[in-house]
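Protein sequences, first through last, are from chains A and B.
So the first sequence is numbered by our numbering: it starts at 711 and just counts up by one.
So the second sequence is numbered by our numbering: it starts at 3 and just counts up by one.
Careful: at least some of the hints might be erroneous.
[What the hints assert, rightly or not] Result set (DSBU-like, lysine-lysine): computed pairs, CA atoms no more than 30 angstroms apart in a straight line: (1) A:Lys818 to B:Lys73; (2) A:Lys818 to A:Lys712; (3) A:Lys712 to B:Lys16; (4) B:Lys72 to A:Lys752; (5) B:Lys11 to A:Lys752; (6) A:Lys777 to A:Lys712.
Since the hints were derived computationally from the structure, they do not count as laboratory data.
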Amino acid sequence: QKEVEQNSGPLSVPEGAIASLNCTYSDRGSQSFFWYRQYSGKSPELIMSIYSNGDKEDGRFTAQLNKASQYVSLLIRDSQPSDSATYLCAVNPSGAGSYQLTFGKGTKLSVIP
Amino acid sequence: DGGITQSPKYLFRKEGQNVTLSCEQNLNHDAMYWYRQDPGQGLRLIYYSQIVNDFQKGDIAEGYSVSREKKESFPLTVTSAQKNPTAFYLCASSPPGTRNSPLHFGNGTRLTVT
Chain A
711 QKEVEQNSGP LSVPEGAIAS LNCTYSDRGS QSFFWYRQYS GKSPELIMSI
761 YSNGDKEDGR FTAQLNKASQ YVSLLIRDSQ PSDSATYLCA VNPSGAGSYQ
811 LTFGKGTKLS VIP
Chain B
3 DGGITQSPKY LFRKEGQNVT LSCEQNLNHD AMYWYRQDPG QGLRLIYYSQ
53 IVNDFQKGDI AEGYSVSREK KESFPLTVTS AQKNPTAFYL CASSPPGTRN
103 SPLHFGNGTR LTVT
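Between the sequences and the hints, there should be enough to build the whole structure, so can you do that?
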């Protein structure tokens with residue numbers, strides 16, 4: 711059973727701080743990794759994808775991947791109250807089709823004004 | 003604008019009734035998926051289809067059925083055999099030709115069965 715683990719939170723950070731969200735996965739052969747943001751009552755929205763070791767930056771978001779340690783993280787700089795949501799980590803094991811995408815249960819982030 | 007349309011947004015049914023959730027996409031994606039989300043749980047795959055007239059069971063297919071007669075459409079029927087049908091249902095699609103593509107989600111249908 712391929713697993714994706716996230717701390718459920720809630721993770722509370724003050725406005726303007728850096729929020730750090732972490733995700734570990736069990737399949738060492740995993741090749742693609744995604745972060746989705748899900749507001750309460752809404753559907754997931756893709757915010758970052760990463761495929762290679764290292765950092766990938768997009769605006770205030772940075773995804774970090776370490777395949778040797780089997781973790782992927784998402785940093786949100788200058789956190790805003792509008793960033794308050796649940797963040798889902800998704801991993802595609804061993805380069806299989808997208809139907810094998812495995813989701814974590816999500817980390818709830820609360821940004822305090 | 004291209005996207006995935008799920009309807010209705012909210013659906014209420016009595017126990018014992020079948021109900022069909024609609025999913026239409028105009029992204030020209032080959033693959034489509036149905037997921038179920040329960041509070042505090044990850045997304046669980048119900049069914050997926052990679053081409054027209056073909057679909058495969060996911061992790062929790064029991065009590066559900068699908069069809070894929072057109073590329074744009076992938077309706078999900080929740081049958082009376084599904085023991086706990088109340089959930090948030092998400093339809094998704096992914097573009098052709100790449101294994102590592104992310105999923106694009108519709109806005110979801112919240113089904114309540116009493």
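Cross-check of the supplied hints:
With a CA separation close to 35 angstroms, the supplied pair Lys818 (chain A) and Lys73 (chain B) exceeds the 30 angstroms bound. A threshold of 30 angstroms between alpha carbons decides the hint, and for Lys818 (chain A) with Lys712 (chain A) the separation of about 22 angstroms falls inside it, so the pair holds. Simply put, Lys712 (chain A) and Lys16 (chain B) have alpha-carbon atoms about 36 angstroms apart, too far for the 30 angstroms limit, and the pair is violated. With a C-alpha separation of about 26 angstroms, the suggested pair Lys72 (chain B) and Lys752 (chain A) falls inside the 30 angstroms cut-off, and the hint holds.
For the hint pairing Lys11 (chain B) with Lys752 (chain A), the CA-to-CA distance comes to about 10 angstroms; that is within 30 angstroms, so the pair holds. The suggested pairing of Lys777 (chain A) with Lys712 (chain A) holds, with an alpha-carbon distance near 15 angstroms, which does not exceed 30 angstroms.
Comparing the model with each earlier hint shows violations of hints 1, 3; every other hint is respected.
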